[in-house]
Amino acid sequence: MKIAFFPGCMVDMIYPEIGIAAVNVLERLGCEIEMPEKIVCCGQGLINSGYREENKAAARMIVEAYDTPEYETIVSLTGSCMNAIVNDYPLVFKDEPEWLERAARLKTKFFEFTDFIVNELGVTDVGAVFNDTVTYHKSCHVTRLLGVKEPPLKLLENVKGLEYIEMAHADRCCGFGGTFSFKQPVIAGEVVYEKCQTIIDTGANVICGADVPCLMNIKGALGRMRADGRLDRDIRVMHIAQILDSRG
Amino acid sequence: MSILYDTDKSLKERVAASLDDDFKHNAIKTAQEVFYVGRGKLVAEMEGWEDLRRHAVEVRNHVTENLDYYVKKFATNAEANGYIMHYAPSGDDALWEVLDIFEEHGASYAVKSKSMMTEEVGLNEVLEETGIKITETDCAENILQTAGSKPSHIVVPALHFDREAIADIYRKKRGYEGTTVPEEITHYLRKILRHEFMEAEVGIRGCNFAVAETGSVTLVTNEGNGRMVDTFPKIQIVFVGIDRIVPDLESLDTMMALLPRSAVGAKMTAYFSLDSGPAGPGEIDGPEEVHIILMDNGRHTLANTEFEDMLRCMRCGACLNICPVYRHITGHGYGSIYPGPMGLVLTPGLVGYDDIDNMVFACSLCGACSEHCPVGIPIHDLIREHRIKIVEEGKNHAIEVPIFKALELFWSNVPVYKAGMVLGPPVMKALAGGGDALDASSAWIPVVKGWTSTRDFDVLSTKRFTEWFKNHEKLPTEQPKQNEEGGEQ
Ligand code: SF4
Numbered sequence: 002m003k004i005a006f007f008p009g010c011m012v013d014m015i016y017p018e019i020g021i022a023a024v025n026v027l028e029r030l031g032c033e034i035e036m037p038e039k040i041v042c043c044g045q046g047l048i049n050s051g052y053r054e055e056n057k058a059a060a061r062m063i064v065e066a067y068d069t070p071e072y073e074t075i076v077s078l079t080g081s082c083m084n085a086i087v088n089d090y091p092l093v094f095k096d097e098p099e100w101l102e103r104a105a106r107l108k109t110k111f112f113e114f115t116d117f118i119v120n121e122l123g124v125t126d127v128g129a130v131f132n133d134t135v136t137y138h139k140s141c142h143v144t145r146l147l148g149v150k151e152p153p154l155k156l157l158e159n160v161k162g163l164e165y166i167e168m169a170h171a172d173r174c175c176g177f178g179g180t181f182s183f184k185q186p187v188i189a190g191e192v193v194y195e196k197c198q199t200i201i202d203t204g205a206n207v208i209c210g211a212d213v214p215c216l217m218n219i220k221g222a223l224g225r226m227r228a229d230g231r232l233d234r235d236i237r238v239m240h241i242a243q244i245l246d247s248r249g
Numbered sequence: 000m001s002i003l004y005d006t007d008k009s010l011k012e013r014v015a016a017s018l019d020d021d022f023k024h025n026a027i028k029t030a031q032e033v034f035y036v037g038r039g040k041l042v043a044e045m046e047g048w049e050d051l052r053r054h055a056v057e058v059r060n061h062v063t064e065n066l067d068y069y070v071k072k073f074a075t076n077a078e079a080n081g082y083i084m085h086y087a088p089s090g091d092d093a094l095w096e097v098l099d100i101f102e103e104h105g106a107s108y109a110v111k112s113k114s115m116m117t118e119e120v121g122l123n124e125v126l127e128e129t130g131i132k133i134t135e136t137d138c139a140e141n142i143l144q145t146a147g148s149k150p151s152h153i154v155v156p157a158l159h160f161d162r163e164a165i166a167d168i169y170r171k172k173r174g175y176e177g178t179t180v181p182e183e184i185t186h187y188l189r190k191i192l193r194h195e196f197m198e199a200e201v202g203i204r205g206c207n208f209a210v211a212e213t214g215s216v217t218l219v220t221n222e223g224n225g226r227m228v229d230t231f232p233k234i235q236i237v238f239v240g241i242d243r244i245v246p247d248l249e250s251l252d253t254m255m256a257l258l259p260r261s262a263v264g265a266k267m268t269a270y271f272s273l274d275s276g277p278a279g280p281g282e283i284d285g286p287e288e289v290h291i292i293l294m295d296n297g298r299h300t301l302a303n304t305e306f307e308d309m310l311r312c313m314r315c316g317a318c319l320n321i322c323p324v325y326r327h328i329t330g331h332g333y334g335s336i337y338p339g340p341m342g343l344v345l346t347p348g349l350v351g352y353d354d355i356d357n358m359v360f361a362c363s364l365c366g367a368c369s370e371h372c373p374v375g376i377p378i379h380d381l382i383r384e385h386r387i388k389i390v391e392e393g394k395n396h397a398i399e400v401p402i403f404k405a406l407e408l409f410w411s412n413v414p415v416y417k418a419g420m421v422l423g424p425p426v427m428k429a430l431a432g433g434g435d436a437l438d439a440s441s442a443w444i445p446v447v448k449g450w451t452s453t454r455d456f457d458v459l460s461t462k463r464f465t466e467w468f469k470n471h472e473k474l475p476t477e478q479p480k481q482n483e484e485g486g487e488q
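Residue numbers (our numbering), protein chains in the order written: chain A, 2 to 249; chain B, 0 to 488.
Fair warning: there could be bad hints in the mix.
[Stated by the list, open to error] Sample of chain A residues at the chain B side, in silico, Cβ under 7 Å:
1) Glu28
2) Tyr52
3) Cys174
4) Val192
The set of hints was computed from the structure by calculation and includes no laboratory data. Treat the numbers as computed from the prediction; the structure is a model and nothing was measured. All C-beta atoms, glycine included, are put in the ideal place defined by N, C-alpha and C.
Using the sequences plus the hints, can you model the full thing?
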């Protein structure tokens, strides 16, 4: 199956290994992956901070890159960026009918990574082997705003060797919230420390998720807690794609 | 009190104070848990919950779309029931109407049940200034009034005090001599309040829903004190927001199925009053004269704007009970009588943007509120809408504008981005002392320090995914195991 891939800018800037793992998984499943050259960021940090007008340039770039007849299916590795594209671009372009129409077209072609594997490819066992205890953070954008609830769990269920332990309030926000994280660090810190505590309480060695920004936030907080003694062991933070790419 | 209190403190200071108060912080977290679990259980076992929600949305929207019609219909029918109607476009108008009523009767003593509308206009302070004694009779409100404290939740306003603190307040302020056993404290309250109910000349109360067709007002409480406020004193004043109106008893039924479940995780409250007029001729009980203050105070201006959906709000507090931010900063962090998600929409909607500090940015836009709101208000979208308006109206902080302008360019221009990605990683690596993340020691770096003050920040990678992708060799296809829908298990 031919697909276009949307990695999200954090994968390009900070976590290339997540993108590589996802490409490996999708290619093993037979996907022919293409990726446009001219992409940077969906720009959601702008509109979420109130800068709707300023979000237009990034949004036009993404629409321009992906809204082409060659791309019938687009797979997004990052829930919040996909949510921005499919649910927020209509607001960004609310006074520009032509772009609005293109954004609406894009919406029908976009799939979140785990949703794509389970519901489009019809696969729940990707042949992964991962011998460890894992908990999963149900990111707000993936779970609540895109409504992708079952697919990641079904995929984890079928990973050999993996023992899944659900954390309390798995769907409670990690406190990332884009620029909220920078503008309100004390509140964001409090929220993510509590999220980390629920992760720690599972006893799992690995926390995984399907949204890159949340993982960055959780990793940053676990690192800080490890450094100041609130956490006394290593907990690995992984994207679900990295677990699905694992062969034991 | 008016809508905003504590405006001499910044959001940051209010948040710090809330986080410092371990008792308050934990009490709110525990209460959230209790409400959340209670609500979740009831909603799960109730058939047709989503249908009810949809119906409620339709009903509430219908009223908003025909607001003038329903205001008039309610007023006409209430008047026919014997109520004396006062229309108050603003909070000040409402206060003048109330003062006139007190003056006309030469009254100087009032009891009151919980009412957000009276808090909105600062009724207690105004009455006290003119020498009128006013006693809050809702237990939680009485605690706050006695302590001189502010509400931390819209439904359970004294959530930040435990029984030790409450007993202490009454010991110090009222000479209470009993223990900290809740039953003993409430018994004591009952004794002192009973006397006040008998003596008061005027009863002041709010109204959860006003029924247009029957001209009735309702009161939903759990203690029964509200019922005494609305039956003992001979003169009554009922505050009704114009956004409280429902068309008829059938739609009231829908709202009452949603309200207690959403608010406190209960099927119904202990008391529910539906009043349709003062005591009739020959009736012994009930007030002789009832005034209804039908108050707008900014609601009309919300209709026909992006924030119109907020007029559906029934003040249940479900959005507070699920909010990951409210649970830490508590109502006091927001500094508004309307805190939490609903408050972030309603407060600026009613008072504007000049005095709210960074309030609307105290939200991660996680959407849990919108998901739980019984009347389907897209709360987090509306919070963001306020942010957009703030920027459009130039009320954002001038200092942040260049940062967002730079992001606008960086995020939408491939050459600029590429150049940044050549320069960025080595600089960050150096700042991180060669490590993989900026840790606590980098809390001096401008902009990034927002993050690094509480979390480590992973440095930019020297390897770029897009570069790898261009040059990588495609992996061979493996035969996947298909799920049932795929048919090849
Ligand atoms: S916004 Fe919705 S959830 Fe929040 S108080 Fe109003 S009705 Fe309840």
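Here is what the structure says about each hint:
A cut of 7 Å between beta carbons decides the hint on glutamate 28 of chain A: the least distance to chain B is about 4 Å, and the hint holds. Annotation: interface hint on tyrosine 52 of chain A holds; nearest CB of chain B at approximately 5 Å, less than 7 Å. The criterion of a C-beta within 7 Å of any C-beta in chain B is met by cysteine 174 of chain A, whose closest approach is roughly 4 Å, and the hint holds. Nearest Cβ of chain B to the Cβ of valine 192 of chain A: about 5 Å, under the 7 Å cut. The hint holds.
Checked against the numbered hints given earlier, the structure satisfies every one of them.
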